[in-house]
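Colleague: Listed here are the chains, written in short residue letters.
There are 2 protein chains.
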Amino acid sequence: MHDFLTLAATRRSVRAYDADRPVEPEKTRRCLEAARLSPSACNAQPWRFIVVDEPALKDRVAALTSGGILPMNHFTRQAPVVVVVVQEPANLTSNFGAAVKRKAFPLLDIGIATAHFCLQAAAEGLGTCILGWFDERGVRAALGIPGRSRPLLVLTLGYPADAERPKKRKPIEKIAARNAYASPWPSG
Amino acid sequence: MHDFLTLAATRRSVRAYDADRPVEPEKTRRCLEAARLSPSACNAQPWRFIVVDEPALKDRVAALTSGGILPMNHFTRQAPVVVVVVQEPANLTSNFGAAVKRKAFPLLDIGIATAHFCLQAAAEGLGTCILGWFDERGVRAALGIPGRSRPLLVLTLGYPADAERPKKRKPIEKIAARNAYASPWPSG
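Protein sequence lines correspond, in order, to chains A and B. Read left to right, the first sequence gives residues 6 to 193 (my numbering). Read left to right, the second sequence gives residues 6 to 193 (my numbering).
Just so you know, not all the hints are guaranteed correct.
Since the list gives no way to pick one copy over another, a pair counts as held whenever it fits inside one copy or between any two copies.
Straight line, CA to CA, 20 Å or less: simulated SDA-like cross-link-like pairs of lysine to any residue [to be verified]:
1. Lys106 <-> Asn96
2. Lys173 <-> Arg35
3. Lys179 <-> Arg153
4. Lys172 <-> Ala146
5. Lys172 <-> Leu42
6. Lys175 <-> Tyr164
7. Lys173 <-> Leu97
8. Lys108 <-> Val28
9. Lys108 <-> Ser154
10. Lys106 <-> Pro94
11. Lys32 <-> Pro191
12. Lys179 <-> Arg65
13. Lys108 <-> Asp140
14. Lys106 <-> Ala146
15. Lys108 <-> Gln92
16. Lys106 <-> Asn48
17. Lys179 <-> Pro94
To be clear, the hints were calculated from the coordinates, so they are not data collected in a lab. As the structure is a prediction and not an experimental result, all values here were calculated from the model.
Pulled out of the complex, with its shape left as it was, chain A reads as follows (with noise of 0.2 Å):
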């Protein structure tokens, strides 16, 4: 497999959606193996993924992604599948690690798996966009999601309706150096 560069800048963040063209089950079902697939510090696996394709259900927490303070979002409307990423209680050495070093590490294990499920859905032609502002209360009254477990994304999965456009990031040196902090990675 040498060609995942090519994946990863295919895949983007889609905000305009096909919302005649369903997704294929078995499509989705390859996006949930691969975060399925992907590690977590000690092996946690601190995430469950609920598909939403019911669409009365859908829409309902579509919404929840758009209004409150800032109008935004609506696309999630759009979207023939949203999916929103549970945080689980992690285990006991995940735990300790993370509050002896201060440091969330369920966050960093479901940002790994959520990459993994959008690469998938790239791989089959599919958009995403990875929201982390809606209404977690309202999601979780939607789903029933318990009290220990915590909505933390919500992705919009679908067929695309807009252009590619370019990706705007950071050039190789203001992101990367070389054994030393102040040191860029030399670039070209």
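Based on these hints, arrange chain B on the given structure of chain A.
Modeller: Coordinates of chain B only, in the frame set by chain A:
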């Protein structure tokens, strides 16, 4: 690109390295490039990757992942390269969202970027291991990391010297659900 699932299955946490086989700099560069392309909340890109391949400095950083109250991670000395992933201050919109939603977006972001790095490494035939347990003050001092930045993860990078093992993961019906938290995704 249809074999991302294969890549996700190939990537594993490598805990034994060929200490005599260096990592080609162009491979490291492509890992950095994959990380650079990854998404982040409000496109903050709150990360810096410090590649440590100067042997004495690398040994010094590697030693900071062992010892303390737990005797672990001795394989880090074998790896010809370690990469310190540094959390950088995020931008205003990301910080605002994180504060309002009580959610540490930069940790999610760094999880995603680290996944990209490790997946590209796997595509190059390289092994990685993601370590969250290390002497943060020691790493900060060794690499001159300033106060507003935080070394969050240490990655080992090198050619594997161990055998593949089957992954231990929860089955899909334990980590995925459909339209309600308590409705397991159908297995099989």
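Colleague: Hint by hint, say whether it matches the structure.
Modeller: Hints, verified against the model:
1. Lys106 <-> Asn96: within (15 Å within a copy, 24 Å between copies)
2. Lys173 <-> Arg35: Between copies, since 18 Å is at most 20 Å while 29 Å is not.
3. Lys179 <-> Arg153: between (39 Å within a copy, 16 Å between copies)
4. Lys172 <-> Ala146: neither (36 Å within a copy, 34 Å between copies)
5. Lys172 <-> Leu42: between (27 Å within a copy, 8 Å between copies)
6. Lys175 <-> Tyr164: Neither, since 28 Å and 29 Å both go past 20 Å.
7. Lys173 <-> Leu97: Answer is between: at 17 Å across copies they meet the 20 Å cutoff, but 40 Å inside does not.
8. Lys108 <-> Val28: neither (36 Å within a copy, 29 Å between copies)
9. Lys108 <-> Ser154: Intra 18 Å, inter 14 Å, cutoff 20 Å: intra and inter.
10. Lys106 <-> Pro94: Answer is both; intra-copy 17 Å and inter-copy 19 Å each pass.
11. Lys32 <-> Pro191: between (40 Å within a copy, 14 Å between copies)
12. Lys179 <-> Arg65: neither (41 Å within a copy, 25 Å between copies)
13. Lys108 <-> Asp140: Between. Shortest inter-copy distance 13 Å satisfies the 20 Å Cα cut-off; intra-copy 25 Å does not.
14. Lys106 <-> Ala146: Between copies only: 17 Å across, 33 Å inside.
15. Lys108 <-> Gln92: both (15 Å within a copy, 11 Å between copies)
16. Lys106 <-> Asn48: For Lys106 and Asn48, only the intra-copy Cα distance (17 Å) is at most 20 Å; the inter-copy one is 27 Å.
17. Lys179 <-> Pro94: between (36 Å within a copy, 13 Å between copies)
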